[in-house]
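Fit chain B to the supplied structure of chain A, relying on the hints for placement.
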Amino acid sequence: MPYSPLIVNPMRQELTSVGVQELTTPEDVDAFMNDKDGTAMLVVNSVCGCAAGMARPGIRTALEHERRPDRVASVFAGQDLEATAHARGYFDDVPPSSPSIAFFKDGELVWFMPRHRIEGRTADDVAADLRAVFDEHCATVAAS
Amino acid sequence: MGTFHQGKHDLHGITVVVETDGPDLFVGRVDDIDDRGVILLDADLHREGEAERSREEYLDRAARFGVFARHRRLVVPVDRVTGIRRLGEL
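Residue numbers (our numbering), protein chains in the order written: chain A, -10 to 133; chain B, 181 to 270.
Here chain A stands alone, though its shape is the one from the complex:
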């Protein structure tokens, strides 16, 4: 059963406040996933400690990097059930876990961070892994 929005909203805002687009419906997911140009990162958010202590802070740090995905979005496992299930349907040969992070290039899944590569690590570890993926696949973002 989903938690109260009072509890979950800060967990959403921790990502949306740094530009992560939140996908709360299957239609949102389709719109995001059907844009196959360039690089895209999809975060499966979660209420658990791994998301709070490692995944979300690590993602926030990584998105400060000079190279970033063209588009970043999130679905919230356990909260936006249909959107999350629909998103996972785009890579249904990957076991569901949360938190987790999927990275796409030109519509293809090229990298995945499952929960077990987040648990027991630090936010800096997560950020470092993400920066390495960004360096490999993403263009430098022009300074504004």
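Simulated from the structure, these hints should not be mistaken for laboratory data.
Any given hint could turn out to be false.
What the hints assert, rightly or not - Short derived list, chain A residues pointing at chain B, Cβ under 7 Å:
#1 Val83
#2 Trp100
#3 Pro103
#4 His105
#5 Arg106
#6 Gly109
#7 Thr111
#8 Ala112
#9 Asp113
Each residue gets a CB set at the ideal place from its N, CA and C atoms; glycine is no exception.
Quick look at chain B alone, frame taken from chain A:
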């Protein structure tokens, strides 16, 4: 570990590979480890050659993507356990 999990084994909440003295290999998230054995949640079991995959092929994919949780909860008896490794370290 953590505010709400005191009293649990140090590996509580960590996804591990449990090797046994037989052909079975288990992957799951540790709930606890006690004198009964390793209590795993959201676990999978692989038997050598199952789905035409070797143990190494299975673990390679598990390390990259995780496993499908075919078992909500299972206990690997202590007398069968020959090793426990963190999946994230593979």
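### Hints the structure fails to honour
Violated: hints 2, 7, 8, 9.
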